[in-house]
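S.K.: Numbering (the numbering used here), first residue to last: 152 to 306.
Do not rely on the hints blindly, as some may be mistaken.
Unchecked claim - Cross-link-like lysine-lysine pairs, in silico, DSSO-like; alpha carbons within 30 Å at most:
| hint | residue 1 | residue 2 |
| --- | --- | --- |
| 1 | 262 | 217 |
| 2 | 262 | 284 |
| 3 | 220 | 209 |
| 4 | 284 | 174 |
| 5 | 284 | 226 |
| 6 | 301 | 217 |
| 7 | 255 | 159 |
| 8 | 174 | 209 |
| 9 | 159 | 212 |
| 10 | 255 | 284 |
| 11 | 174 | 301 |
| 12 | 212 | 284 |
| 13 | 301 | 284 |
| 14 | 217 | 284 |
| 15 | 226 | 301 |
| 16 | 262 | 301 |
| 17 | 212 | 174 |
| 18 | 174 | 255 |
| 19 | 209 | 284 |
| 20 | 262 | 226 |
| 21 | 226 | 174 |
| 22 | 220 | 159 |
| 23 | 217 | 255 |
| 24 | 212 | 226 |
| 25 | 209 | 255 |
| 26 | 262 | 212 |
| 27 | 220 | 284 |
| 28 | 217 | 174 |
| 29 | 301 | 220 |
| 30 | 174 | 159 |
| 31 | 226 | 209 |
These aren't lab readings, by the way, just hints derived from the structure by calculation.
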Amino acid sequence: MYLASKAKLELDLEICQNDIEFKWSGFCDCLHHFVENTLNNLMGLRNLQAEELEPMFKTAKEFLLKDWKEAENEKPYRQALDLMPKMLFKVISRERLMVTMLDKYDFLQFKSDLQTWLINGTMQWFIHGNFTKEQALSIVDASQNILSLKQVSVD
Numbered sequence: 152m153y154l155a156s157k158a159k160l161e162l163d164l165e166i167c168q169n170d171i172e173f174k175w176s177g178f179c180d181c182l183h184h185f186v187e188n189t190l191n192n193l194m195g196l197r198n199l200q201a202e203e204l205e206p207m208f209k210t211a212k213e214f215l216l217k218d219w220k221e222a223e224n225e226k227p228y229r230q231a232l233d234l235m236p237k238m239l240f241k242v243i244s245r246e247r248l249m250v251t252m253l254d255k256y257d258f259l260q261f262k263s264d265l266q267t268w269l270i271n272g273t274m275q276w277f278i279h280g281n282f283t284k285e286q287a288l289s290i291v292d293a294s295q296n297i298l299s300l301k302q303v304s305v306d
């Protein structure tokens, strides 16, 4: 990830209700390698031994809990912007919900979930920028091969 940041490549990951959204961006001819490396590393987590994986889990959990708990200490105008849609739609604070869920989530649950995660699914791609059709399709094909998802109905 360090080299990717130096090349101005970025990954934004968002977990939605029933899906995961990956957004890769940057202005570099090696973006396709960044996409492939990200997915290979993600899928490689399944093959790690517990003693390799557990420190990664603990570090990520601590980071996320700290980040979400600190969201309540944001400047008032930032909190107001974040709260407006929640007030309009009567939605619980995402950060508060995530802290509550993650506090109870332990490594054994994570290890179990990891074995069943990203097995079935569909992919939707939107690729734009300085890519030819062939380059864009090559990125999609390589990603499909890495993930090897069993297709499910979109309905």
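S.K.: Does each hint fit the structure? Answer for all of them.
M.R.: Each hint, compared with the structure:
1. Between residue 262 and residue 217 the CA atoms are separated by roughly 22 Å; this keeps the pair inside 30 Å, and the hint holds.
2. Between residue 262 and residue 284, the direct Cα distance comes to roughly 38 Å. Violation of the 30 Å bound is thereby established for this hinted pair.
3. For the given pair, residue 220 sits about 16 Å from residue 209 by alpha-carbon distance, which is consistent with the 30 Å threshold.
4. With a CA separation close to 19 Å, the supplied pair residue 284 and residue 174 stays within the 30 Å bound.
5. Proximity of residue 284 to residue 226 is assessed by CA-CA distance (about 44 Å); at most 30 Å being required, the pair is judged violated.
6. Our distance criterion of 30 Å between C-alpha atoms is broken by residue 301 and residue 217, whose separation comes to about 36 Å.
7. Between residue 255 and residue 159, the direct Cα distance comes to roughly 36 Å. Violation of the 30 Å bound is thereby established for this hinted pair.
8. For the hint pairing residue 174 with residue 209, the CA-to-CA distance comes to about 25 Å; that is within 30 Å, so the pair holds.
9. As the CA atoms of residue 159 and residue 212 are separated by approximately 26 Å, the hinted pair is consistent with the 30 Å bound.
10. Note on residue 255 and residue 284: the hinted pairing is violated, with a Cα-Cα distance of about 45 Å set against a maximum of 30 Å.
11. This hinted pair checks out: residue 174 and residue 301 have alpha carbons roughly 22 Å apart, not beyond 30 Å.
12. Straight-line distance between C-alpha atoms of residue 212 and residue 284 comes to about 39 Å, which puts the hinted pair past the 30 Å bound.
13. The suggested pairing of residue 301 with residue 284 holds, with an alpha-carbon distance near 25 Å, which does not exceed 30 Å.
14. Annotation: proposed proximity of residue 217 to residue 284 is violated, straight-line Cα distance about 42 Å (limit 30 Å).
15. Taking the CA atoms of residue 226 and residue 301, the gap is near 45 Å; set against the 30 Å cutoff, the hint is violated.
16. Restraint check for residue 262 and residue 301: the C-alpha separation of about 21 Å stays at or below 30 Å, so the hint holds.
17. At most 30 Å may separate the alpha-carbon atoms for a hinted pair to count; residue 212 and residue 174 meet this at roughly 22 Å.
18. Pair hint residue 174 plus residue 255 holds up; C-alpha atoms about 28 Å apart against a cutoff of 30 Å.
19. The hinted pair formed by residue 209 and residue 284 fails the criterion: a straight-line CA distance of about 41 Å is larger than 30 Å.
20. Restraint check: the Cα-Cα separation between residue 262 and residue 226 comes to about 37 Å, which exceeds 30 Å; the hinted pair is violated.
21. Among the hinted pairs, residue 226 with residue 174 is consistent with the structure: their alpha-carbon atoms are about 27 Å apart, no more than 30 Å.
22. As the CA atoms of residue 220 and residue 159 are separated by approximately 29 Å, the hinted pair is consistent with the 30 Å bound.
23. A distance of roughly 15 Å separates the Cα atoms of residue 217 and residue 255; the hinted pair therefore holds under the 30 Å criterion.
24. The hinted pair formed by residue 212 and residue 226 meets the criterion: a straight-line CA distance of about 24 Å does not exceed 30 Å.
25. Proximity of residue 209 to residue 255 is assessed by CA-CA distance (about 13 Å); at most 30 Å being required, the pair is judged to hold.
26. The suggested pairing of residue 262 with residue 212 holds, with an alpha-carbon distance near 13 Å, which does not exceed 30 Å.
27. A distance of roughly 43 Å separates the Cα atoms of residue 220 and residue 284; the hinted pair therefore is violated under the 30 Å criterion.
28. Annotation: proposed proximity of residue 217 to residue 174 holds, straight-line Cα distance about 24 Å (limit 30 Å).
29. Taking the CA atoms of residue 301 and residue 220, the gap is about 37 Å. The hint is violated against a cut of 30 Å.
30. For the suggested pair residue 174 and residue 159, the alpha carbons sit about 14 Å apart, so the restraint of at most 30 Å is met.
31. A hinted pair counts as satisfied when its Cα atoms are at most 30 Å apart, and residue 226 with residue 209 qualifies at roughly 28 Å.
Of the numbered hints given earlier, the model fails hints 2, 5, 6, 7, 10, 12, 14, 15, 19, 20, 27 and 29; all others are met.
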